[in-house]
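In the order they appear, the protein sequences are chains E and Y.
Quick note, our numbering runs 171 ahead of the 1-based positions in the first sequence.
Quick note, our numbering runs 171 ahead of the 1-based positions in the second sequence.
Each hint can be trusted.
To give an idea of the interface, some chain E residues facing chain Y are shown, with a C-beta separation under 8 Å as derived from the structure:
1) 222
2) 255
3) 324
By construction, these hints were calculated from the structure, which means they are not laboratory data.
We treat Cβ as the ideally placed atom computed from N, Cα and C, and that holds for glycine.
Residues per chain, in single letters:
Number of protein chains: 2
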Amino acid sequence: MVGLEARPRPGASAAETAADAVTEHCRALIAAAGPACVAAKPQLACFERLGWPGWRALEEVCAATREAGLLLIADGKRGDVPVSASAYAQALFGSVDTPWGEVAGLGADAATVNPLLGGDALEPLLTAAEERGRGLFALVRTSNPGAADVLDQPTPDGPLHERLARLVAERAPRLRGESGLSGMGAVVGATEPAYLARLRELMPASVFLMPGVGAQGGSPEELGAAFSSDPASVVVAASRSIAGASNPAAAAAELRDRVWAVSQTAAR
Amino acid sequence: MVGLEARPRPGASAAETAADAVTEHCRALIAAAGPACVAAKPQLACFERLGWPGWRALEEVCAATREAGLLLIADGKRGDVPVSASAYAQALFGSVDTPWGEVAGLGADAATVNPLLGGDALEPLLTAAEERGRGLFALVRTSNPGAADVLDQPTPDGPLHERLARLVAERAPRLRGESGLSGMGAVVGATEPAYLARLRELMPASVFLMPGVGAQGGSPEELGAAFSSDPASVVVAASRSIAGASNPAAAAAELRDRVWAVSQTAAR
Numbered sequence: 172m173v174g175l176e177a178r179p180r181p182g183a184s185a186a187e188t189a190a191d192a193v194t195e196h197c198r199a200l201i202a203a204a205g206p207a208c209v210a211a212k213p214q215l216a217c218f219e220r221l222g223w224p225g226w227r228a229l230e231e232v233c234a235a236t237r238e239a240g241l242l243l244i245a246d247g248k249r250g251d252v253p254v255s256a257s258a259y260a261q262a263l264f265g266s267v268d269t270p271w272g273e274v275a276g277l278g279a280d281a282a283t284v285n286p287l288l289g290g291d292a293l294e295p296l297l298t299a300a301e302e303r304g305r306g307l308f309a310l311v312r313t314s315n316p317g318a319a320d321v322l323d324q325p326t327p328d329g330p331l332h333e334r335l336a337r338l339v340a341e342r343a344p345r346l347r348g349e350s351g352l353s354g355m356g357a358v359v360g361a362t363e364p365a366y367l368a369r370l371r372e373l374m375p376a377s378v379f380l381m382p383g384v385g386a387q388g389g390s391p392e393e394l395g396a397a398f399s400s401d402p403a404s405v406v407v408a409a410s411r412s413i414a415g416a417s418n419p420a421a422a423a424a425e426l427r428d429r430v431w432a433v434s435q436t437a438a439r
Numbered sequence: 172m173v174g175l176e177a178r179p180r181p182g183a184s185a186a187e188t189a190a191d192a193v194t195e196h197c198r199a200l201i202a203a204a205g206p207a208c209v210a211a212k213p214q215l216a217c218f219e220r221l222g223w224p225g226w227r228a229l230e231e232v233c234a235a236t237r238e239a240g241l242l243l244i245a246d247g248k249r250g251d252v253p254v255s256a257s258a259y260a261q262a263l264f265g266s267v268d269t270p271w272g273e274v275a276g277l278g279a280d281a282a283t284v285n286p287l288l289g290g291d292a293l294e295p296l297l298t299a300a301e302e303r304g305r306g307l308f309a310l311v312r313t314s315n316p317g318a319a320d321v322l323d324q325p326t327p328d329g330p331l332h333e334r335l336a337r338l339v340a341e342r343a344p345r346l347r348g349e350s351g352l353s354g355m356g357a358v359v360g361a362t363e364p365a366y367l368a369r370l371r372e373l374m375p376a377s378v379f380l381m382p383g384v385g386a387q388g389g390s391p392e393e394l395g396a397a398f399s400s401d402p403a404s405v406v407v408a409a410s411r412s413i414a415g416a417s418n419p420a421a422a423a424a425e426l427r428d429r430v431w432a433v434s435q436t437a438a439r
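Assemble the whole structure, with the sequences as input and the hints as a guide.
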């Protein structure tokens with residue numbers, strides 16, 4: 172809401188003024204909720220709909236995230252054939268060499284990716300993440316009701332999301348850090364707790380990025396089975412329930428405390 | 172290559188100069204190859220890696236495409252949970268209302284979308300396409316070798332790509348035009364001709380967007396089974412084989428003639 176008070180700069184287009192307001196709104200949210208969070212996860216769609224001023228706002232929000240000492244998770248669910256996946260890797264956490272100098276991408280610490288196109292399409296993103304110490308969260312079982320249409324389709328390997336979990340697990344050793352956790356992570360919705368134990372079994376080292384808490388109906392207390400023995404093995408993502416709260420700082424702190432309590436009970 | 176001759180504007184960053192060069196390169200390509208084409212398909216990743224100046228270049232290339240009388244296919248393979256899919260629909264071919272006025276998106280005639288997240292995630296894009304007379308191309312069987320990892324997984328409905336084809340076919344009536352063809356289309360790689368007859372059977376009305384010709388090894392002469400009785404039922408997409416040709420106009424015209432010949436033999 173803060174952002175909506177922004178005053179237009181002289182000569183600015185609607186897109187530019189709106190993008191400035193979005194930047195201010197996000198900066199205020201980072202200042203308020205950031206201390207209770209480990210990461211910020213900008214949803215790229217919300218910036219893209221404001222055109223190039225929106226992308227500029229995205230870059231400013233990414234910079235503010237890093238300045239606040241938060242991890243930056245670029246949430247764009249990108250996925251494409253290898254030549255295009257390479258370009259996405261440059262945009263998200265790499266850079267591109269041009270005749271006029273190097274152009275840096277968003278500098279994300281991690282990005283959400285769509286694994287539908289298979290292993291060779293993930294490879295350029297994985298290679299870039301490996302080289303630069305970044306992470307990927309591949310969609311395994313999303314939080315929307317319609318996820319069942321495709322992700323729960325039966326296959327000889329179990330439901331399709333288990334096949335995707337195996338793709339993640341096979342690649343996890345390449346992004347494993349000193350803690351033993353792997354930055355080859357998975358997006359696992361918090362709305363279907365019944366799947367969590369099996370997905371953790373299939374992906375023992377991967378960090379789970381878990382949307383669906385709050386506005387989408389998921390509850391932290393149901394997520395125990397998602398944790399490995401390391402309480403850092405789960406990142407709970409909440410957007411509307413924090414950004415829309417009358418007191419975002421308090422909403423974020425309350426969620427942090429609930430997730431922490433679950434992690435301590437779950438992790439052995 | 173044309174673009175690489177661009178001269179930096181005073182004070183411009185590397186990203187801005189490179190983005191200007193990309194715009195000029197694309198404008199030159201549209202001028203040269205456009206007369207032999209029905210559409211231009213900018214790959215969003217290639218613009219995003221140049222940051223906000225890249226997105227501005229994308230907007231300029233979209234405008235140049237429309238000015239040339241070509242259809243604009245925004246190739247970003249977007250797919251996300253419903254709330255984010257709505258924002259992508261605004262970015263691709265809708266608009267967003269802000270307190271400072273309406274902000275228009277890219278104005279694409281069609282967009283490539285990723286159906287992994289299921290029907291409810293496609294719905295906001297489909298609704299926006301329906302309202303505005305636009306089209307969607309859902310990924311069904313992509314042209315990369317690794318596509319087999321997930322898209323060819325066996326399911327009770329046949330390989331997963333046949334399940335996706337059914338999702339497309341169920342939605343095709345909503346985007347059907349006067350010709351009988353539907354703008355609820357499918358991305359079907361030209362690299363696996365053995366799948367084409369079955370996919371056309373499952374999606375009788377859908378336009379197929381077919382990448383994989385040229386640089387990826389597909390040949391127009393192998394695509395006969397992809398056509399319905401309407402020669403407009405297939406859009407063959409070629410990028411590197413035209414953009415990288417010494418004479419893009421001749422390369423595009425040759426490909427057009429070969430595709431046309433196949434369409435005339437195939438369509439009954």
